[in-house]
Amino acid sequence: MNFDPRYSGRNFSSVGTRPIRPDGIDKVTGRARYGADFNMAGQLVGRILRSPHAHAVIKKIDTSKAEKLAGVKAVITAKDLPDLTDGDAAMYDILDNSMARKKALYDGHAVAAVAAIDARIARQALKLIEVDYEVLPHVTDVDEAAHHHAPLINDQIFTEGLEEKPAKPSNVTKRTQFGHGDVHKGFAQADFIVERSFKTEQTHQGYIEPHACVASVNPDGTADLWVCTQGHFVYRQHCAQLLGLEASKLRVTSSEIGGGFGGKTHVWAEPVALALSRKAGRPVKLVMTRDEVFRASGPTSATSIDVKIGAKKDGTITAAEATLRYSCGPYPGSWAEIGAMTAFACYKLENVKTVGYEVLVNRPKTAAYRAPSAPMAAFAVESAVDELAHELGMNAVDFRIKNAAQEGTRASYGPVYGPIGIGPTLEAAKNHPHMKAPLKMNQGRGMACGFWFNFGGQTCTDLNIGMDGSVSLAVGTVDVGGSRASLSLVAAEELGIDYSQVKAIVADTSSLGYNDMTDGSRGTFSSSMATISAARNAIKVLRDRAAQMWDIPVDDVTWEKGHAIAKGEKYGNLSPLSLKDIAAKSGTTGGPIAGHSELVADGAGVSFATHICDIEVDPETGATRVIRYTVVQDAGKAVHPTYVEGQYQGGAAQGIGWALNEEYIYGKDGRLQNPGFLDYRIPVCSDLPMIDTQILEIPNPNHPYGVRGVGETSIVPPLAAIANAVSNAVGVRMTHIPMSPPRILAALDAEREG
Amino acid sequence: MVEVTLWGSLSAVAGGKSRHEVEAKDIRELFRKLAEQYPGIEPWIDRGIAVAIDGTIYRDTWSKELPKDAEIFLLPRLAGG
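Protein chains in written order, with numbering that gives the first Met the number 0: chain A, 0 to 753; chain B, 0 to 80.
Just so you know, the hints here were simulated from the structure itself, not pulled from any lab data. Virtual Cβ for every residue (Gly too), placed ideally from N, Cα, C. Careful: at least some of the hints might be erroneous.
[As the list claims (entries may be wrong)] Here are some of the chain A residues that sit facing chain B, going by a computed Cβ distance under 10 Å:
id, residue
1, 334
2, 412
3, 455
4, 568
[As the list claims (entries may be wrong)] A short list of chain B residues far from chain A (calculated; beta carbon distances all over 10 Å):
id, residue
5, 0
6, 24
7, 48
8, 60
[What the hints assert, rightly or not] Using C-beta positions, here's what the derived DEER-type ranges look like:
id, chain 1, residue 1, chain 2, residue 2, range
9, A, 69, B, 42, 44 to 54 Å
10, A, 78, B, 38, 21 to 31 Å
11, A, 1, B, 31, 18 to 28 Å
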């Protein structure tokens, strides 16, 4: 990578402004094409048969009757998706999750699929498929699953990370540990200790757009996939590997995306659609219903967390410890590991220990959800921190400021921090008018901090300058929150032209080099770095072309504010050449003008936020209302502040739903009881106040503009901030998320009964 | 020579030690030397290890140089949403 990513401290013309997004008109007029909006001539309708059992051996599948139904063009089972994963355990799990091979591992697990000429016939065909199950005992609760008497989900899994290799298989797939110092010594020094256990229920990302794709496999081995995804290059890799296709022959085009939040980071039904198309010889459209999205895509973990924190009378934390159990669905994951890393990341701790346990349950395969695993850990830790501040008689913000991590602090997950923003977000929260606003009866105020890592990754960008001087920017990171606008601003900034001269698109997998997906808050961070690099490469070409036009050495040409300048008094009579001037002559100065960049954008820089929340609780019904909510977060540099604010508000809104209402409810039969938005209630506009935001800009030293990722951190503090607000409103410590009205009433009743 | 600290689970496949002195100029050489000494670490490298150099986390830039006095910490390569 011949690119210097270091922060340069420059002044900006375009970056930091708030123009309208290029996809805005299409989205508000309904012209934007999402996953289900694409159609191909002769396409069939795909439908998936799903297990009604939480845990069952698939003894036999008879598809003969379905195959004979008029209008059915293909029926597939796991036999049509042979194992080509070559020992790649993670990919095997994705394959098995796409189509169960030996056992159905959760209610909703795919067992067969059909492609038919219309949806009615496809549904009829599903009813004609006969599956002979041997129903097995199941377990859906994370604590019950971790018990040694629990039904075993995979008898080939032995707990990793123990000192001695276990003799028996277990639903606990892995133990991980982080920390430093001596917590026993630290707790012995404490004057006050808070020790509590917390639970959070499983939630779904709740993206409005369901998983949808159109797959077309041709007889010559080429294939097309039009799909709603956070990473079309990753989907191409997955599908090519699972279907035995050459990656270069599978062209994947990402549609507009109606939300992903981590849930669209690996394939679910796409390999099934491709396998159906391959068998039928026709394109297949497959769109999940909302019921299927809940039952068979990837929600986040349910958790059970024990926290212990001790402090001296002066407010210094002496030790902190947490044990975190996270559900993974029926396949191993590293969700508790992330929780164990993030739990105490906001604090300067001499003695800290976290232990994570990954637990298999008969629920859908856990997927990433916006700062995955961090919100639950923050809920437990920040609740205990708040309680400890109360016991010490200290203001909750001052207690956090006293113990906040800073540059040079050893993070609880290991390394020493560089420049970080937790302190400034706390100071900003302390000084925010929200903190001083009066509260009414039955109202409580809470605050909490949050941490997330942020990532970079492989990135490739093309910048092409047309002969009219307009600029096409082709990026490979899916636009989930306005990144086309942000990246256009970056291109305009580098080239010194107006934002309106730049048009950004998300290119398909055959048009651009590989890009990692849009996850880990990397979209704008990574692609802006690649856009800066591509623009600088284009400027080199522009300077060369100007030199040709003037017939002077290229070293005598500089680029300033969108113009080539001949430097030196000897060129005093040469007027600057604009980008448009140079582009117009490109046909005779060497052909098209372009800049290309491929790089690994590392050094994303960790991110912190502090949230403040006011909640009103009706003590008779347990109903809650969010009165006021404020987000303070470090963005490094807000490229397009409106969309940074949008990320802050969106994370807070999702966190409010998670904290107060959302939860997967399983019956004793292991079946999901509420797979729809009527019974699984996400917040709508009328449930929320205007969410206030404050952007802090502490530059990331590893990005030329100082940019940090902003997409995920905003969902980390809300669970805790709201729990602290509710606890302060009702005078009872809330330890179970979501704090739905029945749960609040139960906590109040328990308190009254002593 | 650089001093490298491994997170708990990785230490278990590296002789039970969390701190190691390794003669390595960049991340690529560090991984190679560790794998030569502790073959059990190789599957972990394949699955993904992130390297924190003075607090900045690198996941993919294996050509990143390891300054002599830098604090180097190996971490699991994590998923984002």
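request  = May I ask you to test the interface hint for residue 334 (chain A) with respect to chain B, counting a Cβ-Cβ separation under 10 Å as satisfied?
outcome  = OK, holds: residue 334 (chain A) within 10 Å of chain B, min 9 Å.
ask   = Lying within 21 to 31 Å: is that true of the beta-carbon distance residue 78 (chain A) to residue 38 (chain B)?
value = Distance hint for residue 78 (chain A), residue 38 (chain B) is violated at roughly 37 Å.
inquiry  = Can you verify the interface hint for residue 412 (chain A): is its Cβ closer than 10 Å to any Cβ in chain B?
reply    = holds (7 Å)
task = With 18 to 28 Å as the target window, see if residue 1 (chain A) and residue 31 (chain B) comply at their CB atoms.
result = This hint holds: roughly 24 Å between Cβ atoms.
Distal placement of residue 24 (chain B) relative to chain A, Cβ over 10 Å = holds (17 Å)
query = Would the least Cβ to Cβ distance between residue 48 (chain B) and chain A come out above 10 Å?
reply = holds (12 Å)
query = Does residue 455 (chain A) pass the interface hint, meaning its C-beta sits closer than 10 Å to a C-beta of chain B?
reply = holds (7 Å)
task = Grab the minimum C-beta distance from residue 568 (chain A) to chain B and call the hint holds if it beats 10 Å, violated otherwise.
result = Violated: closest Cβ of chain B sits about 42 Å from residue 568 (chain A), beyond 10 Å.
query = Should the label of residue 60 (chain B) as a non-interface residue stand, given a Cβ cut-off of 10 Å to chain A?
reply = Its Cβ does come within 10 Å of chain A, the nearest being 4 Å, so this is violated.
request  = Would you check whether the claim that residue 0 (chain B) is not at the interface survives, using Cβ distances to chain A and the 10 Å cut-off?
outcome  = Holds, because the least Cβ-Cβ distance between residue 0 (chain B) and chain A comes to about 19 Å, which exceeds 10 Å.
ask   = Using the C-beta atoms of residue 69 (chain A) and residue 42 (chain B), is the stated range 44 to 54 Å upheld?
value = Check passed, 51 Å falls within 44 to 54 Å.
The structure fails hints 4, 8 and 10 (numbered hints given earlier, in ascending order).
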